[in-house]
Every structure is written in structure tokens, then in C-alpha cells.
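Participant: In case you want the letters, here they are:
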Amino acid sequence: MFNPAAAIEDSPASWSPAPVDPAQLADALRPFGESRMLPVRAYLDERVLAWEREHLFNGWLALGRTEELARPRQMKAFAAGRGGVLVVRGDDGVLRGFENACRHRGHELLACDGVADNRAIVCPYHAWAYRLDGSLIGAPGFRNAPNFDPADHGLHPVELREWHGWLFANRGAGAAFESHVEGLDTILEHYDGADLVTVETHEYDVAANWKVIVENYQECYHCPSIHPELCRVSPPDSGDNLPPQGDWIGGGMELRDGMATMSLDGRSDGAVMTRLDEVEQRTVMYIAVLPNMLISLHPDYVMTHLLVPITADKTRIRCSWAFPKEVAAREGFDASYAIDFWDITNRQDWSACESVQRGMTTPGYVPGPLAPAEDGVYDFVHYVASRYAGQSA
Amino acid sequence: MFNPAAAIEDSPASWSPAPVDPAQLADALRPFGESRMLPVRAYLDERVLAWEREHLFNGWLALGRTEELARPRQMKAFAAGRGGVLVVRGDDGVLRGFENACRHRGHELLACDGVADNRAIVCPYHAWAYRLDGSLIGAPGFRNAPNFDPADHGLHPVELREWHGWLFANRGAGAAFESHVEGLDTILEHYDGADLVTVETHEYDVAANWKVIVENYQECYHCPSIHPELCRVSPPDSGDNLPPQGDWIGGGMELRDGMATMSLDGRSDGAVMTRLDEVEQRTVMYIAVLPNMLISLHPDYVMTHLLVPITADKTRIRCSWAFPKEVAAREGFDASYAIDFWDITNRQDWSACESVQRGMTTPGYVPGPLAPAEDGVYDFVHYVASRYAGQSA
Amino acid sequence: MFNPAAAIEDSPASWSPAPVDPAQLADALRPFGESRMLPVRAYLDERVLAWEREHLFNGWLALGRTEELARPRQMKAFAAGRGGVLVVRGDDGVLRGFENACRHRGHELLACDGVADNRAIVCPYHAWAYRLDGSLIGAPGFRNAPNFDPADHGLHPVELREWHGWLFANRGAGAAFESHVEGLDTILEHYDGADLVTVETHEYDVAANWKVIVENYQECYHCPSIHPELCRVSPPDSGDNLPPQGDWIGGGMELRDGMATMSLDGRSDGAVMTRLDEVEQRTVMYIAVLPNMLISLHPDYVMTHLLVPITADKTRIRCSWAFPKEVAAREGFDASYAIDFWDITNRQDWSACESVQRGMTTPGYVPGPLAPAEDGVYDFVHYVASRYAGQSA
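Chains as they are written, first to last, in the working numbering: chain A, 1 to 393; chain B, 1 to 393; chain C, 1 to 393.
Pulled out of the complex, with its shape left as it was, chain A reads as follows (with noise of 0.2 Å):
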């Protein structure tokens, strides 16, 4: 008996083990200096989108920073991928993740990006209240149902981490997190971590498929195009790629003699972070945590970019910038020499990623060679196509 539902939603994984014909793949899993980007329909296909769902965006995800979840009692609601988590600490200060949809009906337990502070979480649609371990406290009117047993209908947990004050959630195929973020911990030791407070978030909408985003993200080989800003404060042809390990990539880049931090006269308002090494205070830090955060490390400040795909060729973006919470505390702190600098830098990159977008609709665009300076973009290319193949990385 037919069952479109299924077709749909199951399709995707059925198509495993590869959502692009391998012989196609060959060309992206050449050694570095002979390989090609991935093949056009990767970027362009709803359905190699709905595969990479199922098995990209179906393990580890980040989802944002734990600062408003300090106390006892304190939720807040994620978006993350399909849905969203939300997450609790409990009274005994333990963080706690569940999908965030009531059992009754699939209300929202708290609107997206929501907070709340309560003894218990209640769906804000029939007053189903549960336990801040997920637990059902209770039900409206099931007082005599013979058949309703509150132990049967407890949240659906979602495993979380909080790592350097950001939380990360897994949606049920994630490995160990250990190995997710293997030899990261060594980089990001003495940035400030979870001390940072966030003090401005950007949306935007970019009409490009993710991959683009995070391979433009992984190149500096475009910054003397389309950075002038960047360049000035620093090299474009700076710094180098760390080896991949774990489901990260990226690596570093250093300030030119003189400039502080990436701002558009390289000044910085804020104050290097105080455990930085020497090497640290004149480095940034480009790191991508796959799939969907990446990572800027100033000597000063720390910017994540937030990735969902809506569809294949479009990708909404939070971007936030955060301070270390004595600087963001002083009287009169003024953010926007960060904030300004990447914003006008960020708008040049979502530009220069819509018109690849565009361009790679050409009829007979077939994939390019990588540049020499692409190692970054080829790390990329290589976890991608890899699992399209479906090898392990």
C-alpha cells in the first residue's frame, strides 16, 4: 500500500550510501593540488540537501552559548536544524536537553530563542507541566483515564554538551563529542570561553547553499577581491591550516604590526583576553565545527557564525559577536568597532557567495581546480564528499 509520507521523509536515507553518484566524487577526493570542488549538484539539488539532513546535520550541532541558562530553573529554546531543543538547567544544575515539542500535541514547550524561569516546564497550549528532568508532572483532565500513564509520556531527551559556553546538542547519530571536537580544546584553552557574554546578534539571509558559505569562510584567496577592510589590518596570505582532526577544520591567520584586532582601523575597544599567549594576541583563529558553526577567535573578542540551511540555495545565518564579561560590563562599552568591521565584511562575503550560487546554475559550469591557497576549502570538500562516498573522514 503506497505511502507518500514515507516516500518523502524516508527517501533521503534510503538514498545512502551517497547522495551524488561516487564515480562523480572522484575528482573531490583527489589529493590536494589535483582535486576538483565538489560536483555542481551538491549545491544546487533539494534532495542531496535532504540527504545531507539525515547524515551531516543528524549528529552533533551547536546551538548557542549557555549564558542565559546560569541558574537553576532557567530554559531557553534553540533552533536546531528541523525543530528545536530545549534546554533546562535542573535544580540540581544540570543542563538537560529535549525536543522542543509538548508529547500531548507538538506545541512548542517556549517559542524559539524563548526563555523562562520556572519550577517546571509547561506547554503553553493545553498546560501539560513536566518535571525539569523531563518527566510528566501532569495532564489537565486525566485525573480518572484508565489508560494514561504520566511515566509514558516524558520529554524526548536530547544528549547535550556545554563546551567552552557554548551547548552543543546531539540529534541521535553523533559519536563520542570528544572525537567530535578532537584537539580543539588545545586551541581554544585560553580564550575565555565560557566567561564570554554575547552582545549583538545579526540574521541574515543568504541566498546560497551552506557549503559555499563554509567554503568561502575557509579562504582568504578571495580577500584581496572583495576585503579591502580585512586586508588592511590583516595579510591575506597570512597563516596556515591545521591538520584535520575530529569534525573541524580551519586554522589561523596573523595581524599586521600595529593593528590590534580586525576592526577597520585595527583598534581595538575591548582588551586582549589575559591568558592569551604571545602568538595568540596577534593571531585570528578561523575554525569551522562541522556542520554548522564556525568559529573566529580575536585576541579580543569571539564571533560565531550559526548555520541552517533553509534550502538548497538558501542559508539563514546568526552571526554574534561576544566579549569577556568584564569588558562587556565596563560603563560605556562600545561594540560596534567589532561589530561594524565584520558586518561590512560579512555582507561582502554573502554577496560574493550569492553570485557563485548563481553562476554555478550556468548550464555547463563543471567544477574547478582548487588554488594553492584553497587547503582550508579542500579539507572541506574532502569531509563532504567523504561522507557523500560514504567512507568514514
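By construction, these hints were calculated from the structure, which means they are not laboratory data. Any given hint could turn out to be false.
It does not matter which identical chain is meant; a pair holds if it fits inside one copy or across any two.
Unchecked claim - Cross-link-like lysine to any residue pairs, in silico, SDA-like; alpha carbons within 20 Å at most: (1) Lys325 / Glu68; (2) Lys314 / Arg347; (3) Lys325 / Glu200; (4) Lys314 / Arg82; (5) Lys314 / Pro146; (6) Lys314 / Ala111; (7) Lys325 / Ser296.
We have chain A; now place chains B and C onto it with these hints.
Facilitator: Coordinates of chains B and C only, in the frame set by chain A:
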């Protein structure tokens, strides 16, 4: 030879007899108290909606009111799912319905919601003229055309029924209208029906599946949580649903002592309909005439919602308020006491429905149980699930 | 191994030789006077549009005017269905066309409608530089790359033709341009062609299939109903269509006595083109160069419509008005007499086309017959239906 058009248009019908795997429907079809909501795919999957268009929206559909069609030669075009229906009152006083598309090139004979008063139906594009019975009078320029017989090009008729002032059209698969509304005449008997005058119509675009909206309408279990205004005038736990009959479901709720009707202060600026009995004067009836009309009978006015599914997660709703004609004709009559109350309440409902729609996209969401107060939802879910499963109601 | 991308992109081609069941096309292919319109699915089904993109829009397409490409080193990017075409005039004076996508990562070489004047074609993203003949000069950072040969990365050429001041590109499947426009040079001979100057362009988004728009253009049977302004200056039943030749259809209509051109009062604020014969001075020619350009030749100006199908029910139209260069250069020359007339008339047409598109969604709509005055529509329908059926025109 491949026929892509046939593939798109015909497939939904060929999914018969079930758009959702019957195994998944077993939980929805259990007796009340043990059953679950519909499989989540029924709310998310465009192919289920395609099936519903062919199998649930292809019989009797409510179009609207006949008020503007009182006199011979008056005509009006009503939206009716795909395309529209032109309703015309002939010189013989009989109402007739036609597909609202010229037999020549398909131009609408009258724009949706348009009214006209004319001796003939004249297509605005090339002036093909039809008699009020739909037969073609003539088409300009065909005088000497050898192969053209006007008798071959009459408008496609649509079966119509006028009922208590509302118009219903049968797009082909509806059984006898009497069985469609079986038992409902008794309920409507004392209301002013055909003598009501529509005073205002609001159009809402709601980002939720049409079934989420019907389910929300059929229970007041959510009222204490989201409708403080409603609870002030009507006890949310009052009343009972009627046993399902025909293709409608629903029941009544009581007004609190001292409250005359559903309004922000419980007062009416209209008048109780004269033929209502004592119980009806203290009751509001909430009836869903499936699949597309919700009728809310108040002592002093009647509100209707007409639903048009746009996509699986979007529904257009037209909400109209009608009053006895003597009331509507009063100098200075102000209907805002009824309109304001329900506009506020409608928006509370749409907000909840949209949250349910979003929440159901959460991975791992499974259909929840129904509360004892959700017997009206059960009746609706059972109606839909039975049709999915190919059973008669 | 499943290849979803291939499924989406390749299927349309594999529907060959027919996007619509030939049995359904029999009515459209009968002789004029007995034939019907295309099967309704041809106007509603995205998969038919996908087929048309591969089979009707893959040969010669009109891009626009060469006016901004008069001198060597001038270049302009034109929209051309999927992606765009970059047109460059070389130092040798020759116009060349290229797919508007860099061979590296696919960024557009020039934004759509963008113009430049440069000794090289430089990609804005990573500064890959190409000679004006499309060959790669070099790519930054590849100096020591062992596997990179610039000769492998020249721009993909697109065949171009300049014709009476318009540019046409062949995306691969076009036969000889001479046969595409066979017989049309005679008609255009006395008009100023390459010497025209475009004065204004309007962009319209129309909620109708591109074929509905062409059909509307090819008959004036609708003029008495919707174009009172047009009928005042040109008798709607005047003129004749020419026998089909090449890939174009159309014919002429007369101006009424005392009317100099198509304008609201029939007067011209321009000047009759000097080489027109007496008949041409009293005629407006309406020619559709299939699939995407409509040329309207007036005694004193030329209007063109370029069509870009967006979806099966949406078309983007760019309408341009061009005048002899001596007229356009006159001090105080005001083209609004021509622009206002056609902007009004265009909007009347788009409104009718949108109503046809909606009306065709009505269940049970069947293709209608053509009136004796719709021989131009017949020519178009026969052209399209023949291609659906896999026959040559």
C-alpha cells in the same frame, strides 16, 4: 511514453486507498481514550494534502453566503479550492453553479469574489457570452466557422445546494447533500439562517495544516491556557459534543450567568434571534461541516470560518460575522463587540496552531494521546483516519 | 547507486521525445479551424517547464541589445534562462559570448546587466583573469602548481549572433541562425535596427505561464474587450499573420486614418523611420521570435518583450522601448507617448493572462477551440505541440 503531467496530477488519486500507511493509522483509529493523533506526516507532507484534495475536498464544499444572489441575473464567483465556482441566479429564480472558467481559453468569467448583475455571463477576455443556464449564446467571429457548434461549449455545471443561507458546491464526488448534513437541520432550525446579513469578513493566512486548525476548533481544553477573554464569558469545560452524523462534528458550550454572548464584556449590541429556545439563548454551538466550514452559532450572531488549504503548512481562513437583517439594518449598529472578541480569539488560536505545526517538525515527535476533553478532536481525527484507511465514516 | 541529483536534472531530458502524452496532443495538432489549445497540463506542470527548458530554451535565445557593446573591450552580462551569458567585444572588434561563470568556483564574471570596459575579464571573487577571447591569462597563486595548465581553464564559449542590433545566444541545440530567423530580415529591413537606442525598460512579474503570454500577444481577438485605448488607434480586426517560417510567428495590424502610431492619442512625439515604405508607415508588426522575444515594430519606435520563465505559473518580462538615435538624441525628447500607451496595455494583458492561468486550474477545464481570428495562436500552439510530439516544426 512518459507523461510527466499525468504523473503529477494523477498520482494522488492512484495512492488510493490510503495516503498514509494503514499500519500507522491503527493508533488513530482505536476507541476514544486509547487513541492517538494522526501520524505526523499527515500534517507535514504535501503529498498527503494532494491526496486530501482529491479525496476529501472533491465532494460538497461550502462556498459562502447567497446574500448577494437574491435577485434573478445576479451572479458571484466563489473561491473553491482549486479554481472557483460561478453561481448565477437565473431568470427562473433558480441558482446554478458553473466552473468559473471560459470554455474558450480558460479566463475566469468573474474575478474571485466578484459580483455582477447581467442578462448573460460574458467572459471579460474575448466576450464569449453564455445564457444564465450556462449554454453558449455565441462567440464573436465564429459566424462562418464550419466546425463550431455552440451546443458543444456550454459552461461546465457544478451541483449546488442552498442551505440556511449558505451555498455548497459538489465538485463531483459528493453523495446526497442530505446525508452530508444529516441531523444538522434540527440544530440550525431556530437560527435566522437565510435571513442573516454578513457584516464583516477577515482573511487570515495561517502557517499551519488545515487539520491543525479544525482540531484546535473542536476542543476548549486549550481555552484556560490561551483564551482568558473567552473563559470570562463561557466556562471552558461546559457543554458536550454531539454524536457524529453525516460529514459534520461539533457541539455546544454554555454562556456564563449574566453573559449574553461571546464578546469582551459578555454584552450584546445586537439582539437575540427571535425563534431560539431557552437553551439556545444560553448556548454557543461550534460545528465543523467537513472539510472546509466551521459554523459558530451565537444567540445573536453567526460566525463562519471557511478554510482553503494552500500548502501542507499553510491555510487561508476567511472569517465572517453575520447578523439578523433587522439588526444589521439598525441605524448606527456596531458589530465590533462580536468582531473584536473573535479577532482576538482567532489570533490566539492561529498562534497556537502555528506553534503546533513547527513543533511537529521536531525529529522524533510521535502522535500524542487525547485528553478526555478532546472528544471533538477524536471525532475529527477518526473521520480523517477512516478516509485515509479507505473505510466509510 | 542512487544519484538524486541526476534524477532531478537529467529526467526532463529523458522524457524525450514528449513532455505531454502525444495522444493528448492530437487535438492541438489538427488543422486550424478544428484544433484545440494545448493540454492544460502544459501550462500548470513544473515538469513540462523543465522539459521546455531543456528542449525549447536550449537553442537560440534573444539576450538584448548590443548598444552598450559598440567599442572594443566593452562587455555586458545578460540574463539567459538559467545562469547568464557574458558578451565581450574583443580588440579585434568581434563579439564573443561565454557562460557567465568563472572556471574556478563559478562566481559570475559580471553581475547580471552589469557592464564593464576592460582589457581583460577579471573574476571579482579571486581575480582569475581571462583574455577577451576567453582564454585564461592566469590565476593568482598558481605559479608553482604542477597540475595546473591555464589552457584547460578558458571560459566556456557560447555561440553568438548580432542581428539588427539584437544579440542572440545559442546554448547548444540551436541550428543555423539563418534558419531560426528565416524570412524575417525582409520584414526588419527598413527599420533602423542596429541604430536604435533603448530609452526605457520596464520589468513585470506576471503570474502566468510563458505560453499564455505569447498566446495573448499573438491575437487581437481580445482587444475589443480589454484594450479600449488600442482599439482607438488600431482596428483590432485589421491585418494578417504571415505564414510560419523559421522559429518565428506573427503579422501586422493597421493604424487607423489620422493615427501616426500606437499612443494614447495616436500622435507621435518621435519621427517616422526614414526608410519605411508607405505600407510600413501605416502598420504595426507583432513578431514572436520563439521562444523568448516579442518584437513590436512601429513606424517611429520598436518595443521588445523578453520573457524569462520562472515557474510554470510565473514569468518575468522585460519590456524595452527603442527609438532612432537621432530622435533619442533630440533635446527634450520625451518617449512617454509610447511608454505610457504600452504600459497601460501591457498591464491589461498581464491581468488577463493571470486570470487565464487561474481559470485553467479549475477541475474539469478542457482545452478550448480557437476562433477564426486566432490563427496566430494556432501557429504558436502548433509550434509547441509539434516539439512536444517530437516532430520538426
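Participant: Hints broken by the structure, by number, lowest first?
Facilitator: 5
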